[in-house]
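10 protein chains.
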Amino acid sequence: MSEEQQQTRVPGRYGLDEIAANRLEAWPNPNPERDYVVHLEIPEFTCLCPRSGFPDFATIVIDYVPDRSVVELKSLKLYINGYRDRQISHEAATNTILNDLVTLLGPRWMRVAGDFNVRGNIKTIIFAEYVAPNYSGPRPEYRRHMTGSSL
Amino acid sequence: MSEEQQQTRVPGRYGLDEIAANRLEAWPNPNPERDYVVHLEIPEFTCLCPRSGFPDFATIVIDYVPDRSVVELKSLKLYINGYRDRQISHEAATNTILNDLVTLLGPRWMRVAGDFNVRGNIKTIIFAEYVAPNYSGPRPEYRRHMTGSSL
Amino acid sequence: MSEEQQQTRVPGRYGLDEIAANRLEAWPNPNPERDYVVHLEIPEFTCLCPRSGFPDFATIVIDYVPDRSVVELKSLKLYINGYRDRQISHEAATNTILNDLVTLLGPRWMRVAGDFNVRGNIKTIIFAEYVAPNYSGPRPEYRRHMTGSSL
Amino acid sequence: MSEEQQQTRVPGRYGLDEIAANRLEAWPNPNPERDYVVHLEIPEFTCLCPRSGFPDFATIVIDYVPDRSVVELKSLKLYINGYRDRQISHEAATNTILNDLVTLLGPRWMRVAGDFNVRGNIKTIIFAEYVAPNYSGPRPEYRRHMTGSSL
Amino acid sequence: MSEEQQQTRVPGRYGLDEIAANRLEAWPNPNPERDYVVHLEIPEFTCLCPRSGFPDFATIVIDYVPDRSVVELKSLKLYINGYRDRQISHEAATNTILNDLVTLLGPRWMRVAGDFNVRGNIKTIIFAEYVAPNYSGPRPEYRRHMTGSSL
Amino acid sequence: MSEEQQQTRVPGRYGLDEIAANRLEAWPNPNPERDYVVHLEIPEFTCLCPRSGFPDFATIVIDYVPDRSVVELKSLKLYINGYRDRQISHEAATNTILNDLVTLLGPRWMRVAGDFNVRGNIKTIIFAEYVAPNYSGPRPEYRRHMTGSSL
Amino acid sequence: MSEEQQQTRVPGRYGLDEIAANRLEAWPNPNPERDYVVHLEIPEFTCLCPRSGFPDFATIVIDYVPDRSVVELKSLKLYINGYRDRQISHEAATNTILNDLVTLLGPRWMRVAGDFNVRGNIKTIIFAEYVAPNYSGPRPEYRRHMTGSSL
Amino acid sequence: MSEEQQQTRVPGRYGLDEIAANRLEAWPNPNPERDYVVHLEIPEFTCLCPRSGFPDFATIVIDYVPDRSVVELKSLKLYINGYRDRQISHEAATNTILNDLVTLLGPRWMRVAGDFNVRGNIKTIIFAEYVAPNYSGPRPEYRRHMTGSSL
Amino acid sequence: MSEEQQQTRVPGRYGLDEIAANRLEAWPNPNPERDYVVHLEIPEFTCLCPRSGFPDFATIVIDYVPDRSVVELKSLKLYINGYRDRQISHEAATNTILNDLVTLLGPRWMRVAGDFNVRGNIKTIIFAEYVAPNYSGPRPEYRRHMTGSSL
Amino acid sequence: MSEEQQQTRVPGRYGLDEIAANRLEAWPNPNPERDYVVHLEIPEFTCLCPRSGFPDFATIVIDYVPDRSVVELKSLKLYINGYRDRQISHEAATNTILNDLVTLLGPRWMRVAGDFNVRGNIKTIIFAEYVAPNYSGPRPEYRRHMTGSSL
Ligand SMILES: [Ca+2]
Ligand SMILES: [Ca+2]
Ligand SMILES: [Ca+2]
Ligand SMILES: [Ca+2]
Ligand SMILES: [Ca+2]
Ligand SMILES: [Ca+2]
Ligand SMILES: [Ca+2]
Ligand SMILES: [Ca+2]
Ligand SMILES: [Ca+2]
Ligand SMILES: [Ca+2]
Ligand SMILES: [Ca+2]
Ligand SMILES: [Ca+2]
Ligand SMILES: [Ca+2]
Ligand SMILES: [Ca+2]
Ligand SMILES: [Ca+2]
Ligand SMILES: [Ca+2]
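Protein chains in written order, with our numbering: chain A, 199 to 349; chain B, 199 to 349; chain C, 199 to 349; chain D, 199 to 349; chain E, 199 to 349; chain F, 199 to 349; chain G, 199 to 349; chain H, 199 to 349; chain I, 199 to 349; chain J, 199 to 349.
It should be emphasised that the hints constitute simulated quantities derived from the structure, not laboratory data. Here a beta-carbon is modelled for each residue, glycine too, at the ideal position from N, C-alpha and C. There's no promise every hint is true.
From the structure, some residues in chain G lie toward chain J, with a derived Cβ separation under 7 Å [stated by the list, open to error]: (1) 246; (2) 247; (3) 282; (4) 285; (5) 290; (6) 298; (7) 301; (8) 302; (9) 318; (10) 319; (11) 326; (12) 329.
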């Protein structure tokens with residue numbers, strides 16, 4: 199959120215406005231000389247089912263090795279809030295988040311997990327992964343990141 | 199959902215339509231001769247903050263002793279879905295759900311807990327309770343209903 | 199199961215036959231001079247939804263203070279198996295189990311909890327309780343009995 | 199479920215009818231350019247023991263890397279419901295589910311786990327896996343997926 | 199175990215001999231001027247089913263307020279080991295342990311819980327309690343003591 | 199935070215400024231006709247030991263029944279942040295928070311728990327409680343509120 | 199258990215007789231064309247200490263990839279019951295179970311874990327493994343299978 | 199520890215010296231006008247068995263309502279360390295700690311729990327309680343405080 | 199802390215003084231002939247956000263294989279306390295701690311994880327790793343170290 | 199403990215004497231033809247800090263593949279008890295236990311973990327490992343074995 203935006207906050211509206219105006223932001227990586235891992239969890243993802251329009255809920259889990267940029271967290275939160283009124287499938291949502299972040303950050307490696315709440319008695323988690331050519335540094339083991347389920 | 203509504207489902211829209219058209223329904227209590235307790239948990243409540251418009255998330259936990267009616271579960275789920283676009287405080291949402299269910303069902307006793315996700319590093323749970331005059335039957339102990347917290 | 203029944207077992211069928219032929223059995227209480235509590239959990243209750251015919255799953259939890267009789271466990275298991283093809287609501291199933299056991303055993307006190315799996319994102323537990331006139335002995339606190347949920 | 203099927207629902211019967219009429223459905227994979235993993239859990243599998251006819255219960259856990267198709271979740275749920283009256287062993291049920299899904303989807307990689315409830319004081323889990331020729335993409339570590347057990 | 203017994207230990211036999219020769223022992227209560235609570239758990243109770251001869255397993259949990267005596271722990275352990283070859287029901291075992299300890303110790307208050315392993319898919323816990331006339335001191339709340347179960 | 203304050207935010211400083219300028223705020227209770235309970239947890243309390251100056255850490259847990267006012271959450275968070283540079287004992291911090299909130303809100307009932315991290319291998323929790331004259335409504339049971347401890 | 203054995207059951211004795219008469223049985227593998235894993239847990243192993251005669255308790259955990267045979271579960275349970283009166287060390291019991299099952303089934307791969315209860319304040323788990331020549335299929339990671347321990 | 203003691207610390211010895219020289223200290227209660235509860239847990243109690251000399255381990259849990267004094271925590275820790283070389287029974291240790299703290303602090307109410315590690319396969323917890331004449335303020339429910347056990 | 203520092207402690211100040219005067223200390227490795235792993239967790243890291251000045255909280259987890267030196271724990275704790283008034287990002291804090299410890303100790307291998315509390319509904323963990331040239335000894339698997347989160 | 203030692207037990211002293219007289223004992227490996235793993239946990243290790251003399255507490259976890267010998271468990275427990283009055287660092291204690299057991303048993307592979315309780319708010323675990331030349335059999339994954347910690 200820019201300084202300008204902040205000064206024109208309309209009470210009862212500024213959250214909605216910030217989400218609508220938001221663009222994912224990249225910040226400079228303070229330690230580009232090292233391959234290190236950033237792990238992020240965002241438990242309040244919600245969107246609408248493309249088939250029925252009923253709400254879906256998920257936790258989005260992101261692991262990445264930054265190159266020149268790291269993602270700015272408030273813009274990421276608002277980006278995730280922006281799915282609230284979109285109709286999108288589990289598979290497409292997870293892959294879209296990965297595509298958008300890879301485009302923004304150009305990471306050395308990134309994995310996105312979409313850990314969706316049970317629907318029709320079926321639990322779904324989607325894992326999508328990107329690796330830059332020639333990258334061979336750290337990469338956390340392939341495991342489950344489960345929030346709010348009994349797994 | 200009536201048979202009629204079901205026959206006119208618009209693909210990609212019928213969930214939204216069902217939520218908009220929904221009315222809380224009461225069904226007859228099959229065992230009104232006994233004071234017994236119904237415990238319900240609905241983990242995917244979401245509304246908008248009345249101050250900022252940012253989304254809030256909660257689990258709604260309901261305990262009640264029915265008199266002549268029990269609540270129909272699908273209509274309850276759609277009723278809860280209906281808060282998705284409302285701007286309402288934690289205290290008001292919890293009390294409103296209690297008021298609406300007491301009006302519909304006329305229970306002997308009812309308690310609603312709104313277990314809200316952390317905001318600004320503060321965890322909030324609201325407990326609101328109704329008791330019919332002269333009721334003295336079972337009433338579960340006053341305890342925490344926590345979803346997704348470490349308590 | 200009598201000796202006779204056992205000798206005529208049809209391979210691949212005798213389980214189905216035992217369930218159909220079963221009657222709840224009472225055995226004499228070895229210690230009727232004392233008010234003591236029996237706690238039972240039966241995690242594989244399944245029946246059919248009276249509205250849709252889809253299967254429902256629950257754990258049945260029974261606490262009671264026996265008077266002259268205790269319930270025989272194998273007949274109880276088969277009795278519970280007998281709900282597999284019945285269409286019955288959460289409230290009615292829990293109250294019926296309580297009624298059948300009270301009729302059979304004449305306990306001093308009994309509580310049945312039907313801890314049903316989530317449906318339509320709503321978790322339901324039903325608690326129904328019987329107390330004989332003038333009984334004032336031990337009675338476990340009114341709390342949740344949860345199997346396979348994160349509560 | 200087609201629109202047509204939906205219009206002829208018989209109250210108290212349509213769930214049974216849907217299960218009987220169901221066929222597993224494949225949907226197009228929205229991101230076939232990427233090797234990504236879909237993780238599914240279906241906690242309410244029940245079938246009948248081929249030896250005795252008594253009911254068995256399990257959680258079915260599926261991990262796969264889709265190629266051109268993903269499985270449609272409601273048809274999968276109904277397919278799993280369809281085992282309710284079949285007499286089949288733990289090993290055969292797990293392998294059959296894998297075979298049916300491989301035939302339907304032609305995945306790059308798939309693993310099915312049948313996590314069965316305790317019988318005769320023995321806990322059983324069956325793991326069966328398929329890999330397409332030349333596939334070398336992501337493959338979650340070989341671990342336990344346990345729902346409702348104390349493991 | 200007396201010094202004498204200890205000197206004649208037969209390798210590979212003395213455990214069996216100690217269990218056979220054991221008698222429950224009482225020791226003097228070091229603080230009889232105060233009503234205080236002793237809580238004991240013995241997780242390796244095993245006996246034989248009176249109906250079939252198959253082994254049963256339980257955890258025995260004992261709470262008591264001593265009067266002039268406390269139970270000696272090694273003799274209690276051997277006493278519990280002594281049920282290994284007895285055929286006895288869940289109800290009778292729990293009540294017998296309570297009766298034997300009340301006779302030995304004359305406590306102000308005592309409760310015994312027999313937390314039995316699942317049999318035929320049913321979990322059983324038996325609670326039996328004794329209170330001396332006129333006793334009105336501390337008495338832990340009536341709750342579950344669960345070992346190795348998911349409760 | 200007033201609109202004015204918000205417009206003059208100094209980058210890298212405004213958090214510090216907000217904490218320094220903060221005053222606890224009361225908002226009107228939307229449902230004063232009902233006795234209901236608000237439960238709050240604030241896990242990041244830190245202050246300095248009055249004896250040594252070393253940092254202490256705690257979770258503050260607040261339960262209250264509002265009368266005419268509820269506490270505004272952002273001002274509460276900033277109030278708690280304001281202890282960061284104060285030297286104060288466990289007992290005094292917990293009682294001071296209770297006194298300040300009782301003065302501000304005039305609640306019907308309030309309890310504050312200070313759940314402090316281990317120091318010198320000792321774990322400390324302080325519970326302090328206020329009740330208005332003649333109040334007899336709901337009051338959650340006296341239990342532990344533990345965050346980040348193994349209790 | 200054959201039909202014949204079943205017809206001559208002596209009440210109060212037939213469990214003991216079945217255990218004594220039992221022989222481990224192999225059944226045909228329904229899917230020998232695939233390398234798949236069977237995971238079994240048997241929580242009620244008990245034997246006698248070879249040194250003292252005191253009872254020992256363990257959970258036996260078995261993982262294997264069948265070749266032409268799978269183990270029949272009731273005969274396995276009775277085989278495990280057969281250790282009740284044997285004096286055998288932790289190391290020898292675990293290796294003997296592995297040897298007996300390898301001889302019976304000729305598996306492609308098998309691992310047995312004996313997870314013994316604490317003795318003398320020491321917790322012991324024994325892991326023993328067999329692999330057929332040239333086998334290179336699935337093999338679950340080397341991890342702990344813990345029942346009733348805090349690991 | 200006095201300033202003087204601190205200045206003469208002998209490297210490799212001062213801990214032993216502090217424990218030997220320690221005396222339990224009382225500090226003034228900062229809020230004597232209110233009945234509030236202090237909860238303390240000390241997980242590293244160890245002493246020697248009076249019968250055999252073998253080490254015993256426990257967690258000591260203390261709840262009290264202070265009157266004019268609170269206990270100083272470092273002196274309490276050193277007091278507990280002082281049991282390391284004493285031979286004392288479970289019952290006597292718990293009661294002695296209660297007696298010493300009641301003598302020092304003159305509290306309105308106090309309860310001490312000695313949660314001892316398993317010995318001879320038996321788990322023991324001792325609860326001892328003191329109440330000043332005429333005290334009727336808060337008193338936490340009588341429950342288990344378990345550290346490091348699976349209960 | 200040197201002997202000298204210790205003798206001049208100012209009551210109410212010496213903790214603050216020790217933190218200000220502290221320098222990370224290395225001690226000789228008692229077993230340099232072996233590649234072994236030291237695992238450290240420091241749960242009370244707090245600093246200030248470089249953007250807003252609001253406090254941040256984290257657990258710092260360190261794994262390393264020492265060469266000639268190990269880190270002295272009290273100096274490490276004071277070093278971590280020294281971040282309390284610094285404005286620093288999650289990424290920079292984690293990398294700076296790694297850089298400072300690598301400079302001090304010259305380890306064979308080291309990994310630092312900064313497990314930060316949720317901010318703006320996003321959970322962040324940063325993993326940074328150093329490996330000396332030619333090192334090929336033990337290196338714990340790359341996994342999550344979570345303190346106080348529900349992960 | 200030899201027969202002779204056992205016959206001269208002094209009441210109130212024999213535990214202390216056994217610890218003083220103890221020597222670690224090796225027993226023959228019953229299955230030297232196989233590479234199998236023994237896992238041991240000993241939760242009640244305590245020693246004295248070499249710097250201050252204050253007590254330290256740890257759980258010692260041992261994994262090894264025996265060659266010709268296995269360790270006798272009672273002598274191991276007494277060996278661990280023998281550290282109670284020694285002043286030794288975390289690193290040295292863990293390495294010394296490994297060295298003593300490698301000397302005694304000549305194992306094919308062994309790892310010792312010293313899981314120490316928190317001191318000065320820092321949690322420490324030390325992992326030390328030995329491998330015989332040319333050994334390439336099973337070796338459990340490098341993970342944490344935590345007892346009584348929240349990890
Ligand atoms: Ca979820
Ligand atoms: Ca989870
Ligand atoms: Ca929550
Ligand atoms: Ca919870
Ligand atoms: Ca459930
Ligand atoms: Ca299961
Ligand atoms: Ca059990
Ligand atoms: Ca339990
Ligand atoms: Ca805490
Ligand atoms: Ca165990
Ligand atoms: Ca386990
Ligand atoms: Ca313990
Ligand atoms: Ca505990
Ligand atoms: Ca955290
Ligand atoms: Ca953790
Ligand atoms: Ca520990």
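Evaluation of the provided hints:
1. Checking residue 246(G) against chain J by beta carbon gives a least distance of about 16 Å; that is not within 7 Å, so the hint is violated.
2. Here the hint on residue 247(G) is broken, as its CB sits about 10 Å from the closest CB of chain J, past 7 Å.
3. Among the interface hints, the one on residue 282(G) is violated; its C-beta lies about 20 Å from the nearest C-beta in chain J, farther than the 7 Å criterion.
4. Here the hint on residue 285(G) is broken, as its CB sits about 13 Å from the closest CB of chain J, past 7 Å.
5. Interface hint status for residue 290(G): upheld, as the beta-carbon distance to the closest one in chain J is roughly 4 Å, under 7 Å.
6. The restraint placing residue 298(G) at the interface with chain J is violated, with a minimum CB-CB distance near 13 Å, outside the 7 Å limit.
7. Because the closest C-beta pair between residue 301(G) and chain J is about 14 Å apart, greater than 7 Å, the hint is violated.
8. Interface restraint check: residue 302(G) against chain J, minimum CB-CB distance 17 Å, threshold 7 Å, status violated.
9. The beta carbon of residue 318(G) comes within 5 Å of a beta carbon in chain J, closer than 7 Å, and the hint placing it at the interface holds.
10. Taking 7 Å as the C-beta cut-off, the interface hint given for residue 319(G) holds, the closest approach to chain J being about 6 Å.
11. Interface hint at residue 326(G): satisfied, since its Cβ lies 4 Å from the closest Cβ of chain J, which is below the 7 Å cut-off.
12. The closest approach between the C-beta of residue 329(G) and any C-beta of chain J is roughly 10 Å, which is over the 7 Å cut-off, so the hint fails.
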